[in-house]
Amino acid sequence: MFKELDPILHSQLRLAVMSLLISVKEAEFTFLKEKTNATAGNLSVQINKLKDAGYIEVTKQFSNNYPQTICKVTPVGVNAFEIYVKALQSYMHPNSNGQ
Amino acid sequence: MLEEQGFSTEQSLQLIQEMIGKAKRSYISRGFASIVWGVLIILCSLVTWAQAQFKFTIGFDIWLLLLLALIPQIYFGIKERKSKDFVAHDEQTMTFLWTAFAICIFISSFYNGMYGPQSFASLIMMLYGIPTFITGGICKFKPMILGGIICWVLSIVSMFTPYTTDMLLMAACGLFAWLIPGIILWNRYKKQQAANV
Numbered sequence: 001m002f003k004e005l006d007p008i009l010h011s012q013l014r015l016a017v018m019s020l021l022i023s024v025k026e027a028e029f030t031f032l033k034e035k036t037n038a039t040a041g042n043l044s045v046q047i048n049k050l051k052d053a054g055y056i057e058v059t060k061q062f063s064n065n066y067p068q069t070i071c072k073v074t075p076v077g078v079n080a081f082e083i084y085v086k087a088l089q090s091y092m093h094p095n096s097n098g099q
Numbered sequence: 001m002l003e004e005q006g007f008s009t010e011q012s013l014q015l016i017q018e019m020i021g022k023a024k025r026s027y028i029s030r031g032f033a034s035i036v037w038g039v040l041i042i043l044c045s046l047v048t049w050a051q052a053q054f055k056f057t058i059g060f061d062i063w064l065l066l067l068l069a070l071i072p073q074i075y076f077g078i079k080e081r082k083s084k085d086f087v088a089h090d091e092q093t094m095t096f097l098w099t100a101f102a103i104c105i106f107i108s109s110f111y112n113g114m115y116g117p118q119s120f121a122s123l124i125m126m127l128y129g130i131p132t133f134i135t136g137g138i139c140k141f142k143p144m145i146l147g148g149i150i151c152w153v154l155s156i157v158s159m160f161t162p163y164t165t166d167m168l169l170m171a172a173c174g175l176f177a178w179l180i181p182g183i184i185l186w187n188r189y190k191k192q193q194a195a196n197v
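So the sequences go chain by chain: A and B. Numbered by this note's numbering, the letters in the first sequence go through residues 1 to 99 in order. Numbered by this note's numbering, the letters in the second sequence go through residues 1 to 197 in order.
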């Protein structure tokens, strides 16, 4: 039987954000926007969904009088990402894990 | 632009790879610091060698250039850090590693004062190898791993050579540990910039 894919991660923009955040320690909103080419509004909505799921931490602060949003993946997020990738692999190679 | 719609498992894996690749390309080093230190170490070593070999003096300690070079390095380092919109995983490790190295080099200058320059070059080359080898390992950058190993081999060789030859070996350390890896990094950075245009 195939593992069910996490619906929070199985969305293009949220998965892109998680993949970027897994690769760095933390990143600003501008970094995520530039790399995903998403609109600020859409990205903001998806970031909030990841935050509500406990997958990322979002810190808002000021730097040189400019608002700054910093995102960081949580241990729960790392775990969910690993499970998601394993599930994807089991879909692509169904015989490799005995399923 | 990424759309909110259903997508296949293949597309998911492709997207993950693409994003991880994009993030990795963001933290390709310019190699600027590496080139500057490589050039300075080579210059200071060769001038010291020439003074000992041809019996003349330039009137000041050429190695003080390393201290002067710290000022622009720190300035550009802070400027670059402020302009970046992400923090890489190994940044803190690197900062601690190179700070520890700088402190060791500073302490070793007292060693030079107490015990003389004869065995000093071997010690310095051994120290050069440590951060270079570890940085190469963390960044999976083979030229720096090799550079670190070369520093250690030359450190052993310098135990059996006179002081003047040690300075040539130290110049070789600057070349293999920093200048060549720095030029490789700079070329990579330029290629990446060209690909992004």
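One or more hints might be untrue.
[Stated by the list, open to error] Here are the simulated BS3-like cross-link-like pairs (lysine-lysine), alpha carbons at most 30 angstroms apart as the crow flies:
#, chain 1, residue 1, chain 2, residue 2
1, B, K142, B, K55
2, B, K79, B, K140
3, A, K3, A, K60
4, A, K72, B, K55
5, B, K55, A, K33
6, A, K72, A, K51
7, B, K22, A, K49
8, B, K140, A, K25
[To be verified] DEER-style ranges, computed between Cβ atoms:
#, chain 1, residue 1, chain 2, residue 2, range
9, B, V153, A, K51, 33 to 39 angstroms
10, B, H89, A, Q68, 47 to 53 angstroms
11, B, Q118, A, E57, 50 to 56 angstroms
Keep in mind the hints are simulated off the structure, nothing from the lab. In this text, a Cβ means the ideal position worked out from N, Cα and C, and glycines have one as well.
Index of numbered hints that the structure contradicts, given in increasing order: 1, 3, 4, 5, 9, 10
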